[in-house]
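Asks: Go ahead and model the full structure; you've got the sequences and the hints to work with.
One line per chain: the protein sequences are A and B, in this order. Counting from 1, position 353 in the first sequence corresponds to residue 353 in this note's numbering; the numbering is continuous, with no gaps. Counting from 1, position 10 in the second sequence corresponds to residue 10 in this note's numbering; the numbering is continuous, with no gaps.
In case anyone wonders, no lab produced these hints; they're calculated from the structure. Where is the CB? At the ideal position from N, CA and C, for every residue including glycine. Among the clues, some could well be false.
Unchecked claim - Residues from chain A that keep clear of chain B, each with C-beta distances beyond 12 Å, as calculated:
#, residue
1, ARG14
2, PRO15
3, ASP39
4, SER51
5, GLU219
6, THR380
7, ARG386
8, ARG388
As the list claims (entries may be wrong) - FRET-style restraints, in silico, Cβ to Cβ:
#, chain 1, residue 1, chain 2, residue 2, range
9, B, ASP230, A, SER373, 37 to 45 Å
10, A, ARG60, B, ALA70, 45 to 53 Å
11, B, PRO36, A, ASP364, 42 to 50 Å
12, A, GLY348, B, GLY243, 47 to 55 Å
13, A, ARG55, B, ILE56, 35 to 43 Å
14, B, ASP180, A, ARG104, 57 to 65 Å
15, A, ALA392, B, GLN120, 44 to 52 Å
16, B, ALA118, A, SER373, 49 to 57 Å
17, A, ALA369, B, LYS12, 33 to 41 Å
18, B, ASN37, A, GLY332, 57 to 65 Å
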Amino acid sequence: MSTLADFPVKPEARPYLDVFTETASEPEWLRRARRTSLDRFAEAGFPARRSENWRYLDLRSLEQHPMLPSVMGRPMGVPAGLGLDASAARIVLVDGRFVPELSRLDVPSGVWLGSTRQAVTERPGLVKAFAADTGSEHPFASLNAAFFADGFVLEVGGGVSLDAPIEIVHLASGAGDASLHTRSMIELCHGSRATVVETYAGEGKYWRNDFALWRIEHEAALTRVALVEEAGEATHFEDVDAVLLSERAKLNAFSLLLGGGRMRQEISVTIAGVDAECRIDGAFVVGGMEEANIVTTIDHRLPGGKTGELVKGVAAGRGHGAFQGTIKVREGAQQTDARQTSRNLILGRRASIDTKPELEILADDVKCAHGASVGELDETALFYLRSRGLPADEARRLLIEGFLREPIEGIADAPIRDHLLRRLSLRLARLEDQ
Amino acid sequence: MLEIVNLHARLKDGREILKGIDLSVGAGEVHAIMGPNGSGKSTLASVLAGREGYEITAGSVTYLGRDLLAMPADERAREGVFLAFQYPVEIPGVNNMYFLRAALNAARRHRGEPELDAGQFLRAVRARLKLLEISEDLMQRAVNVGFSGGEKKRNEIFQMAMLEPRLAILDETDSGLDIDALRLVARGVNGLRSPDRAIVMITHYQRLLQYIEPDRVHVLQGGRIVESGDKSLAAELERRGYGAADAA
Numbered sequence: 001m002s003t004l005a006d007f008p009v010k011p012e013a014r015p016y017l018d019v020f021t022e023t024a025s026e027p028e029w030l031r032r033a034r035r036t037s038l039d040r041f042a043e044a045g046f047p048a049r050r051s052e053n054w055r056y057l058d059l060r061s062l063e064q065h066p067m068l069p070s071v072m073g074r075p076m077g078v079p080a081g082l083g084l085d086a087s088a089a090r091i092v093l094v095d096g097r098f099v100p101e102l103s104r105l106d107v108p109s110g111v112w113l114g115s116t117r118q119a120v121t122e123r124p125g126l127v128k129a130f131a132a133d134t135g136s137e138h139p140f141a142s143l144n145a146a147f148f149a150d151g152f153v154l155e156v157g158g159g160v161s162l163d164a165p166i167e168i169v170h171l172a173s174g175a176g177d178a179s180l181h182t183r184s185m186i187e188l189c190h191g192s193r194a195t196v197v198e199t200y201a202g203e204g205k206y207w208r209n210d211f212a213l214w215r216i217e218h219e220a221a222l223t224r225v226a227l228v229e230e231a232g233e234a235t236h237f238e239d240v241d242a243v244l245l246s247e248r249a250k251l252n253a254f255s256l257l258l259g260g261g262r263m264r265q266e267i268s269v270t271i272a273g274v275d276a277e278c279r280i281d282g283a284f285v286v287g288g289m290e291e292a293n294i295v296t297t298i299d300h301r302l303p304g305g306k307t308g309e310l311v312k313g314v315a316a317g318r319g320h321g322a323f324q325g326t327i328k329v330r331e332g333a334q335q336t337d338a339r340q341t342s343r344n345l346i347l348g349r350r351a352s353i354d355t356k357p358e359l360e361i362l363a364d365d366v367k368c369a370h371g372a373s374v375g376e377l378d379e380t381a382l383f384y385l386r387s388r389g390l391p392a393d394e395a396r397r398l399l400i401e402g403f404l405r406e407p408i409e410g411i412a413d414a415p416i417r418d419h420l421l422r423r424l425s426l427r428l429a430r431l432e433d434q
Numbered sequence: 001m002l003e004i005v006n007l008h009a010r011l012k013d014g015r016e017i018l019k020g021i022d023l024s025v026g027a028g029e030v031h032a033i034m035g036p037n038g039s040g041k042s043t044l045a046s047v048l049a050g051r052e053g054y055e056i057t058a059g060s061v062t063y064l065g066r067d068l069l070a071m072p073a074d075e076r077a078r079e080g081v082f083l084a085f086q087y088p089v090e091i092p093g094v095n096n097m098y099f100l101r102a103a104l105n106a107a108r109r110h111r112g113e114p115e116l117d118a119g120q121f122l123r124a125v126r127a128r129l130k131l132l133e134i135s136e137d138l139m140q141r142a143v144n145v146g147f148s149g150g151e152k153k154r155n156e157i158f159q160m161a162m163l164e165p166r167l168a169i170l171d172e173t174d175s176g177l178d179i180d181a182l183r184l185v186a187r188g189v190n191g192l193r194s195p196d197r198a199i200v201m202i203t204h205y206q207r208l209l210q211y212i213e214p215d216r217v218h219v220l221q222g223g224r225i226v227e228s229g230d231k232s233l234a235a236e237l238e239r240r241g242y243g244a245a246d247a248a
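Replies: Here you go:
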């Protein structure tokens with residue numbers, strides 16, 4: 001059953017409109033949200049190449065060969081070494097759908113953790129907050145809202161501290177060259193804290209198109225770590241809306257993009273609380289023909305906010321990386337302290353990295369600084385390591401790893417940090433052969 | 001151990017720096033190479049260690065009977081050549097201990113010896129840190145990052161003590177050191193003197209040679225060794241300056 005649209009539909013959106021069906025078992029508010037979102041996507045189509053936020057990513061192949069939403073997943077397990085050794089709870093989503101047999105949902109009282117589908121019945125209030133698409137600049141988030149199969153919801157009640165991390169593993173089987181859409185939410189009530197580690201991996205060809213909303217209330221602190229190790233032919237898009245709702249809310253986000261033909265992560269943070277703080281750090285590694293794109297927007301709306309950003313990138317082979325970071329400081333957001341750094345390393349003549357820091361400052365009593373660089377391996381350092389007996393390839397690897405360690409070392413939780421460093425080492429061991 | 005014959009080297013821009021160096025260093029010997037700024041001292045050290053950016057236009061260097069110039073820098077190191085840098089390099093993100101262990105094990109693998117286990121390695125590290133009065137927490141930092149000038153130089157000698165080279169080349173190791181640091185460095189180097197190890201010290205000043213007594217002293221000037229003698233030559237140079245050596 002296709003919807004009737006009374007406005008011009010972009011041709012690249014047509015195949016998605018054609019396969020849209022309503023699920024009778026879903027509540028009317030959700031079905032309505034899906035329809036509205038589909039209409040938005042149909043009208044907007046894919047982001048234009050001239051759209052600033054998408055200028056560094058080539059979407060033509062995706063436009064020409066539609067990857068329709070997956071209808072059914074194919075069972076698969078979590079690859080060895082990919083998961084954390086010790087997590088409080090684990091949710092595994094395969095092809096965008098919650099797999100209870102692979103998941104562990106034991107959480108303390110005051111915490112609700114489950115799949116988005118389950119939350120539709122048990123936590124409808126929360127799902128209503130993120131089911132409908134809100135932004136017009138994010139057509140893939142609209143597509144996601146129309147089609148999402150599942151996702152996860154974590155709600156941490158006031159004053160509750162989760163010591164061990166909550167782990168979310170997103171797997172893709174590659175069945176049917178399909179697109180996978182999960183829609184998720186993390187809500188931290190006042191004074192609570194939680195660490196969420198999300199890992200992405202898969203096989204074959206697929207297009208992951210995820211969306212998440214994070215809301216952090218006063219004096220609550222969320223640490224969220226993303227580890228992206230998608231298949232070589234995969235497209236990985238992730239769009240996050242984070243809102244620091246009230247005073248002294250805190251967000252620490254870290255992303256490590258290690259694999260995937262086309263990876264893009266966009267995080268938009270709204271600082272809507274006085275003295276709220278966020279750190280958005282990340283690192284990407286691209287080799288072969290891979291593309292990675294980290295896009296961040298931090299919108300300081302209230303005074304006393306703090307932002308720290310450190311994103312490092314390494315490109316080898318014909319890899320292409322890009323960092324786009326915007327920091328806005330609105331008129332009322334005095335005493336904002338924002339620092340943004342983008343450092344990049346290019347290995348070889350065919351690799352490339354773009355970096356585009358942007359500050360829009362409308363308040364006069366603020367501290368804002370940004371820096372960006374793109375360079376090559378330091379020959380003097382390389383000689384120093386070799387002069388101590390390290391073979392050239394080992395010396396190069398050590399330097400590349402050393403370069404990327406800085407943002408990872410900002411992660412306070414030692415087991416998570418070590419896990420990421422291990423995954424990074426494995427990735428770098430095969431980087432320069434690509 | 002080391003035979004340098006008529007060595008000529010130039011920079012990539014064509015400037016000739018070394019214009020026919022002849023030098024023979026035997027096992028167990030300590031040689032000092034002195035000379036004014038720009039005489040080619042550091043170039044000689046770089047060429048021996050295998051740094052890129054120099055072109056050898058004539059001459060040969062034989063180390064333990066092998067053609068040293070044919071080996072890449074890292075192989076020279078694994079074969080027992082060590083260069084203490086004039087300006088030790090800071091390497092952010094690379095942990096000192098990790099680096100040192102990787103270097104040590106690369107050499108051991110090269111010699112067909114088993115790698116050191118963590119306990120053996122730590123014991124070796126601690127003994128040598130003590131000798132050079134380096135605090136153990138410096139070792140947990142990134143290589144040379146946040147080290148004072150003196151700590152960097154001591155770290156070079158510490159690395160040398162760990163790697164136990166056959167041929168050590170110290171490039172201006174005394175520059176920028178206060179007297180206490182100089183004594184520690186000298187103690188470290190003297191502790192490494194042995195019948196099967198040769199040490200070549202490159203220095204601008206005689207000061208270092210009061211603490212590490214050389215068997216031979218050479219004056220390098222204009223890309224050539226213009227004068228050689230025993231340790232008394234160093235004192236003489238201090239008196240009369242390098243200008244007179246030219247005339248000699």
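Asks: If a hint holds in the structure, say so; if it does not, say that too.
Replies: Status of the hints after comparison with the structure:
no., hint, result
1, ARG14, "holds, 49 Å"
2, PRO15, "holds, 46 Å"
3, ASP39, "holds, 49 Å"
4, SER51, "holds, 35 Å"
5, GLU219, "holds, 33 Å"
6, THR380, "violated, 5 Å"
7, ARG386, "violated, 4 Å"
8, ARG388, "violated, 4 Å"
9, B:ASP230 <-> A:SER373: 37 to 45 Å, "violated, 52 Å"
10, A:ARG60 <-> B:ALA70: 45 to 53 Å, "holds, 51 Å"
11, B:PRO36 <-> A:ASP364: 42 to 50 Å, "violated, 57 Å"
12, A:GLY348 <-> B:GLY243: 47 to 55 Å, "holds, 50 Å"
13, A:ARG55 <-> B:ILE56: 35 to 43 Å, "violated, 49 Å"
14, B:ASP180 <-> A:ARG104: 57 to 65 Å, "holds, 59 Å"
15, A:ALA392 <-> B:GLN120: 44 to 52 Å, "violated, 27 Å"
16, B:ALA118 <-> A:SER373: 49 to 57 Å, "violated, 36 Å"
17, A:ALA369 <-> B:LYS12: 33 to 41 Å, "holds, 38 Å"
18, B:ASN37 <-> A:GLY332: 57 to 65 Å, "holds, 60 Å"
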